[in-house]
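Trainee: In case you want the letters, here they are:
There are 2 protein chains.
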Amino acid sequence: MSLIMKRNSIRNFIDKPVPSDLVTKLLESGMQAPSANNQQPWEFIVVDDREILNELVKTSGGARPLNTATLCIIPMIKPGDKSPLFNIQDLSAATENILLEATNLGLGGVWIGVYPDPVRYKHIEKVLNITGDIHPFCMIAIGYPKNQRPIVKRYDESKVHYNKWGK
Amino acid sequence: MSLIMKRNSIRNFIDKPVPSDLVTKLLESGMQAPSANNQQPWEFIVVDDREILNELVKTSGGARPLNTATLCIIPMIKPGDKSPLFNIQDLSAATENILLEATNLGLGGVWIGVYPDPVRYKHIEKVLNITGDIHPFCMIAIGYPKNQRPIVKRYDESKVHYNKWGK
Numbered sequence: 026m027s028l029i030m031k032r033n034s035i036r037n038f039i040d041k042p043v044p045s046d047l048v049t050k051l052l053e054s055g056m057q058a059p060s061a062n063n064q065q066p067w068e069f070i071v072v073d074d075r076e077i078l079n080e081l082v083k084t085s086g087g088a089r090p091l092n093t094a095t096l097c098i099i100p101m102i103k104p105g106d107k108s109p110l111f112n113i114q115d116l117s118a119a120t121e122n123i124l125l126e127a128t129n130l131g132l133g134g135v136w137i138g139v140y141p142d143p144v145r146y147k148h149i150e151k152v153l154n155i156t157g158d159i160h161p162f163c164m165i166a167i168g169y170p171k172n173q174r175p176i177v178k179r180y181d182e183s184k185v186h187y188n189k190w191g192k
Numbered sequence: 026m027s028l029i030m031k032r033n034s035i036r037n038f039i040d041k042p043v044p045s046d047l048v049t050k051l052l053e054s055g056m057q058a059p060s061a062n063n064q065q066p067w068e069f070i071v072v073d074d075r076e077i078l079n080e081l082v083k084t085s086g087g088a089r090p091l092n093t094a095t096l097c098i099i100p101m102i103k104p105g106d107k108s109p110l111f112n113i114q115d116l117s118a119a120t121e122n123i124l125l126e127a128t129n130l131g132l133g134g135v136w137i138g139v140y141p142d143p144v145r146y147k148h149i150e151k152v153l154n155i156t157g158d159i160h161p162f163c164m165i166a167i168g169y170p171k172n173q174r175p176i177v178k179r180y181d182e183s184k185v186h187y188n189k190w191g192k
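So the sequences go chain by chain: S and F.
Positions 26 to 192 (my numbering) are the ones given, in order, by the first sequence.
Positions 26 to 192 (my numbering) are the ones given, in order, by the second sequence.
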């Protein structure tokens with residue numbers, strides 16, 4: 026089974042830190058994503074401080090996995106000079122790369138949606154003292170999975186159309 | 026080297042069709058992407074008709090790879106009942122999955138940005154007679170690579186911040 030089919034959203038983790046060399050691999054994977062006009066309109070905050078993670082949990086109901094995640098990577102979205110229309114897509118590709126590389130490394134993770142919901146991104150900006158024209162895009166909760174969840178295949182042939190729209 | 030580090034944007038292809046079983050693997054990978062509230066707010070159009078590909082080339086300057094691509098997958102974005110704020114991110118994850126699976130299968134591809142640029146998505150809607158509350162999200166040009174391009178690592182340590190914003 027390919028890496029892509031093995032990825033699963035993991036929301037519960039054991040209490041074991043992610044070694045720094047694996048954190049670097051995750052960040053390398055994120056930054057290797059394609060971006061419109063190769064603008065790479067991103068930065069990354071790595072959080073492994075338990076007290077800060079506890080504050081980030083309060084961002085939204087979906088942020089609960091940070092209660093047990095030992096690592097949170099926060100991709101930051103900043104407007105590039107070119108192609109600002111596609112910045113969200115660029116950051117999304119980087120996020121998916123990180124989640125897939127987590128699977129590849131025996132870790133697990135889940136994408137916690139943040140931007141463009143101002144309630145969510147402003148909470149994180151307050152916790153981390155972020156100011157200016159750059160915003161938290163999402164939070165990726167990462168760690169060693171507590172349980173393996175079965176893979177549910179989502180392929181749906183009815184959603185495929187050949188050479189024309191409709192059936 | 027992991028799959029993610031091997032992916033490259035490929036814009037020139039040899040004249041060899043992509044077998045249908047590989048097309049299915051690409052679509053399976055796209056639909057396996059995570060989505061907010063598991064809404065899977067997508068459909069997919071598969072184009073391998075040369076005449077239609079030639080019309081799609083006219084979408085934008087970035088669509089030129091469709092001159093030689095033997096396959097174009099067009100993920101379609103449609104609002105889910107929940108989490109419409111994150112639909113673009115869901116479609117982006119699906120797109121990145123397809124590009125990575127293309128690499129995994131010995132194919133190559135490139136992400137041609139479309140939505141939310143109305144000039145681009147309306148052109149495609151005209152070519153394919155698409156109407157209603159669903160839009161072409163992007164075009165993924167796919168085929169067998171004409172040349173291998175060297176991998177340029179994009180990792181930039183200056184873009185990483187630990188447990189706080191700034192240095």
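Hints may contain errors.
Unchecked claim - Using 30 Å as the maximum straight-line C-alpha spacing, the simulated BS3-like pairs for lysine-lysine come out as follows: (1) K189(F) <-> K189(S); (2) K184(F) <-> K147(S); (3) K83(F) <-> K184(S); (4) K189(F) <-> K171(S); (5) K192(S) <-> K171(S); (6) K184(F) <-> K189(S); (7) K103(S) <-> K151(F); (8) K192(S) <-> K189(F); (9) K178(S) <-> K189(F); (10) K184(S) <-> K184(F); (11) K41(F) <-> K107(S); (12) K184(F) <-> K192(S).
As the list claims (entries may be wrong) - A short list of chain S residues far from chain F (calculated; beta carbon distances all over 10 Å): (13) I77; (14) N79; (15) K178.
Bear in mind the hints are in silico, worked out from the structure with no lab data behind them.
None of the values given here were measured: they were computed from a predicted structure.
For glycine and all other residues, C-beta sits at the position ideal for the given N, C-alpha and C.
Trainee: For every hint, state whether the structure bears it out.
Mentor: Hint check:
Of the pairs offered as hints, the one joining K189(F) and K189(S) is violated, with about 50 Å between alpha carbons and a cut-off of 30 Å exceeded. Distance restraint check for K184(F) and K147(S): the Cα-Cα separation of roughly 21 Å lies within the 30 Å cut-off, and the hinted pair is therefore satisfied. Pair hint K83(F) plus K184(S) holds up; C-alpha atoms about 25 Å apart against a cutoff of 30 Å. Distance check on the hinted pair: K189(F) and K171(S) sit about 27 Å apart at the alpha-carbon level, within 30 Å; holds.
A hinted pair counts as satisfied when its Cα atoms are at most 30 Å apart, and K192(S) with K171(S) does not qualify at roughly 43 Å. Distance hint between K184(F) and K189(S) is unfulfilled; the C-alpha atoms sit about 43 Å from each other, more than 30 Å. Proximity of K103(S) to K151(F) is assessed by CA-CA distance (about 33 Å); at most 30 Å being required, the pair is judged violated. Between K192(S) and K189(F), the direct Cα distance comes to roughly 52 Å. Violation of the 30 Å bound is thereby established for this hinted pair.
Simply put, K178(S) and K189(F) have alpha-carbon atoms about 38 Å apart, too far for the 30 Å limit, and the pair is violated. The hinted pair formed by K184(S) and K184(F) fails the criterion: a straight-line CA distance of about 39 Å is larger than 30 Å. Distance restraint check for K41(F) and K107(S): the Cα-Cα separation of roughly 34 Å exceeds the 30 Å cut-off, and the hinted pair is therefore not satisfied. Our distance criterion of 30 Å between C-alpha atoms is broken by K184(F) and K192(S), whose separation comes to about 47 Å.
Not every C-beta of chain F lies more than 10 Å from that of I77(S), the closest at about 6 Å, which undercuts listing it as non-interface. Every C-beta of chain F lies more than 10 Å from that of N79(S), the closest at about 13 Å, which supports listing it as non-interface. At roughly 7 Å from the closest C-beta of chain F, the C-beta of K178(S) falls inside 10 Å, breaking its exclusion from the interface.
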